[in-house]
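**Student:** Model the full structure from these sequences, guided by the hints.
What follows is each chain in one-letter form.
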Amino acid sequence: MAMSLAFHIIFAVMGIGMPLLMVLAERQWLRTRQPVWLDLAKRWSKGTAILFAVGAVSGTVLSFELGLLWPTFMEYAGPIIGMPFSLEGIAFFTEAIFLGVYLYGWTKLSARAHWWAGVAVAVSGTVSGIFVVFANAWMNSPTGFTLVDGKPVALDPIAAMLNPAALPQALHMTLAAFATTGIAVAGIHAWMLRKDRSSPFHRAALAVALWIAVPASLLQIVSGDLSAKFVAKTQPVKLAALEGHFKTERGATLRIGGIPNERTRETPYAIEIPKALSFLAFADFDAEVKGLEAFPESDWPPVAVVHIAFQIMVGLGSLMALASLWVVVLWIRKRAPADSRPLLGFLALLTPAGFIAVEAGWVVTEVGRQPWIIQGVMRTADAVTPMPGLVVPFLAFTALYIFLGVIVAWLLWAQIIRTRPA
Amino acid sequence: MPEPLLPHVLAFVTMLALNAYVVLGGADFGAGVWDLLARGPRKDVQREAIAHGIGPIWEANHVWIILVVVLLFTCFPAVYAYLSVALHVPLVLMLFGIVLRGSAFTFRAYDSTNSPVQKWWGRIFSIASTVTPVVLGMSVGAIVSGAIVTPPDATFTARFLTPWLSPFAIAVGGLTLAVFAFLAAVYLTVEAETHDLQEDFRRNALGAAVIVGACALATLITGRETVSKLTDTLLTHTLAIPLQIITGVAALSAIAALVTRRYRIARAAAVVPVSAIVWGWALAQFPWMVPGVHSVTSAAAPAVTQRLVAYGLAAGAVLVVPSLWVLFSVFKSDTMSAFERVDTAEYRATDTPPKERS
Ligand code: HDD
Ligand code: HEM
Ligand code: HEM
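Here the protein sequences come in this chain order: V and Z. Each residue of the first sequence is one higher than the one before, starting from 1 at the first, in this note's numbering. Each residue of the second sequence is one higher than the one before, starting from 1 at the first, in this note's numbering.
There may be inaccurate statements among the hints.
Claimed, not checked - Chain V residues, not near chain Z, derived (Cβ > 12 Å throughout):
hint, residue
1, D225
2, I308
3, V329
4, A348
5, A396
Claimed, not checked - Which stretches of chain Z does chain V cover? Using the computed rule of at least three CB atoms under 8 Å from a CB of chain V, they are:
hint, stretch
6, 31-39
7, 58-66
8, 298-308
9, 315-326
To be verified - Simulated crosslink set (EDC-like; lysine to aspartate or glutamate; CA at most 20 Å straight-line):
hint, chain 1, residue 1, chain 2, residue 2
10, V, K290, V, D225
11, V, K108, Z, E193
12, V, K229, V, E297
13, V, K233, V, E249
14, V, K46, Z, D44
15, Z, K119, Z, D44
Simulated from the structure, these hints should not be mistaken for lab results. Just so it is clear, the structure is predicted and the values come from calculations on it, not from any experiment. We put the beta carbon where it would ideally sit given N, CA and C, even for glycine.
**Tutor:** Have a look at this one:
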């Protein structure tokens, strides 16, 4: 399941970001009628088609796997969080329908109608992502039911869907999708531009990608801070693990880097900034931040994994924001980012950054919640299927996904990025 | 609304979605079967017609199965959980098929190098399209025969393998494949460009119809031994006789229309007996969703959830139905052929009049 999700999320992120790029490029084409924009819109729509197909089939695997691996969880949670999944299904429907119309309808529809079909794809893709994250957020802050003898009663699916974690998480995830896609696309074209600075195609592509990447990467920092404040309030164990923070203190120290050691209960090799953690978590330099020691060890997640994943996400996020600031400075000075060779190099290096940050972010959320599958309600170990020999499908799916990932990367490269029209 | 009504409505809608998956998504699988079996001088043309026929629509058609799964786990979570455990092995196999079918089809479409690699995508697409329906059918066979109900202390084989490997389940698997192939061939006769191509698909459709008949017979024979209740209900239920008459008449009209080359009528008529099989299954099993274990009412989620899902479905229908109508009217109307469509799209892509570059 974690494997399928880690694979699916890559496609989901691109499935949210790529349609927006494609729609923006087509809008430029409709306005300026410069062929380079049409070329760009077509290439991006081909990329979207490949990514969507693999996203759709891997998503189907997930909708079955929820039951195949976690039947008890689903029996319990289905009625409570089925709502966002049902709405997500409707969003998928709209997305798949209009993607068909868009991809195959270039000559069958008026230019305007065709563009609107693209807009429908972009909107429904984003909305479907938001609904899934609502469901995931419920696992972090379960609301909308009362427990009686271990059974959920007095269900309120609407309250469950709009659980307190839903908004910060959905915001953070959606921004992550735009930032990741934007930076990745910008990075690829930046790399091509280093060889051929004057290519109108790559200049156009870089420009559109940065329109998305820059605002999203900058806002991501703010939204990440919001998420952290929220976690501090509702999942103090997770926060302590994120930060490698073992001892409860006032004016708590922020640790950057370091390797938490659960036995010695210390996080050595970190850069320490006094009082900064209290400020970041509670907007008050002297606030008390609970350490892991305040909780029974049986409720600890794997601290080192969570802390290191968090450092990776924040580190990459900071680099992405730095690159974005750089672009903003160039914009203010009325210089084209495509003319700055060092920036192109930096962006090219950052191409995979968003994806790594997304994977790391999910490790933070999911592993940080362990040993709970539903925070404070159901333990992961109680939810698993009685099916023996799960390692077989796990290995088979893993091999399949690696294979598909390689093929998709190759296709995107060979068929879309590398080829140039004569 | 009296309480027990809503679960029945939702179960009905779930079956409706499954029905849509069978007649729409099923035909996309069936098309893959004909891709595998393409023979003779026109085999490449046949394959192209298949690719153009399902290209724009298969993803939308595929969402029906997602809808079925989502409705099942939201409205009938106990059934979803039960089936997920009991049918773990065939469902995993089916998922493999779904993943390979969809990705290989897309890879083939976008791999324009015409290399031997592209042939391999075609091969994977068609094999996955053929295996997946069989496994789907075997799972249904396991459910309807009640074989999935096993004591939890049964051996691994008895619990996870035998139920869907019974002769009856295998017969249902074969029936599913034959039905999907039949539907695809009938639809393709309408979409085929040339007379020759139409004749090819007509022959395929008639051949598939014979195999459907044989498989149906096989399910009745194997089914009589293992699940007498199924055949009993189908023979005695008040709705059974009208259902069978409709099925018979529609099936015969579809064949007659094929024989007389009235393809549009054949397409309309072919959908009816296929849907009747789906509803026959529902009727045979009613009110049980897992025979003897979970019924429509006993497995239903709490009433709030049901009510909200019903509202959600209504709102969703307002959005999805017109969108589907747009999709099918854009691509399944006959004003322009699939080939012209794609050719002009390419044309437009490369030869758009360049206004002055700046
Ligand atoms: C481009 C990707 C990306 C970037 C640059 C960042 N994040 Fe992030 N983060 C995610 C992508 C992500 C994510 C993959 O989207 C997660 C996983 C679950 C979620 O909702 O978002 C996430 C989760 C997540 C969580 C856990 C939320 C929870 O468990 O409920 C926190 C506390 C942060 N992030 C904080 C930050 C901070 C302070 C960042 C500062 C730079 C940051 N993130 C950058
Ligand atoms: C890319 C996204 C995701 C990744 C990489 C991911 C990864 C993980 C990981 C590593 C675990 C912990 C495994 C363990 O320590 O035992 C986990 C747990 C879990 N996650 Fe996710 N997750 C993601 C998103 C989601 C979403 C969106 C959902 C549901 C809507 C979800 C549902 C679950 C469930 C039910 C568990 C508990 C079972 C388990 O431990 O694997 N996850 N996930
Ligand atoms: C980790 C968070 C997730 C996000 C952000 C996300 C987002 C998306 C997006 C944007 C798509 C559109 C397809 C594409 O463009 O590639 C998609 C497809 C899909 N997702 Fe996810 N997803 C997540 C996890 C899940 C989970 C846990 C499930 C299982 C219940 C799931 C089920 C599906 C399905 C069935 C599809 C295919 C829909 C179709 O055919 O159109 N996703 N997802």
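**Student:** For I308 (chain V), is the shortest beta carbon distance to chain Z beyond 12 Å?
**Tutor:** Given a closest Cβ separation of 31 Å, the condition holds.
**Student:** Between the alpha carbons of K108 (chain V) and E193 (chain Z), is the straight-line distance 20 Å or under?
**Tutor:** holds, 18 Å
**Student:** Checking C-beta pairs, does the stretch 58-66 of chain Z have three or more residues closer than 8 Å to chain V?
**Tutor:** holds (count 6)
**Student:** With a cut-off of 20 Å on the C-alpha distance, tell me whether K290 (chain V) and D225 (chain V) pass.
**Tutor:** Holds, because 18 Å separates the two Cα atoms, which is no more than 20 Å.
**Student:** Okay, the stretch 298-308 of chain Z and chain V, do three or more residues pass the C-beta test at under 8 Å?
**Tutor:** holds (count 5)
**Student:** Given the hinted pair K119 (chain Z) and D44 (chain Z), is their alpha-carbon gap at most 20 Å?
**Tutor:** Roughly 11 Å separates the two Cα atoms, so the pair holds.
**Student:** Report holds if the minimum CB distance from A396 (chain V) to chain Z is greater than 12 Å, and violated otherwise.
**Tutor:** At roughly 7 Å from the nearest Cβ of chain Z, A396 (chain V) sits no farther out than 12 Å, so the non-interface label is violated.
**Student:** Checking the smallest CB distance to chain Z, is D225 (chain V) really beyond 12 Å?
**Tutor:** Holds, because the least Cβ-Cβ distance between D225 (chain V) and chain Z comes to about 34 Å, which exceeds 12 Å.
**Student:** If we take the beta carbon of A348 (chain V), is the closest beta carbon in chain Z still more than 12 Å away?
**Tutor:** holds, 25 Å
**Student:** With the threshold set at 20 Å, check whether the alpha-carbon distance from K233 (chain V) to E249 (chain V) stays at or below it.
**Tutor:** Given that 20 Å is the threshold and the Cα spacing comes to 16 Å, the pair holds.
**Student:** Against chain V, does the stretch 315-326 of chain Z show at least 3 residues with beta-carbon separation below 8 Å?
**Tutor:** holds (count 7)
**Student:** Check, residue by residue, whether the stretch 31-39 of chain Z contains three or more positions whose beta-carbon lies closer than 8 Å to a beta-carbon of chain V, and give the verdict.
**Tutor:** violated (count 0)
Consistency with the previously given hints fails for numbers 5, 6, 12, 14, ordered from lowest to highest.
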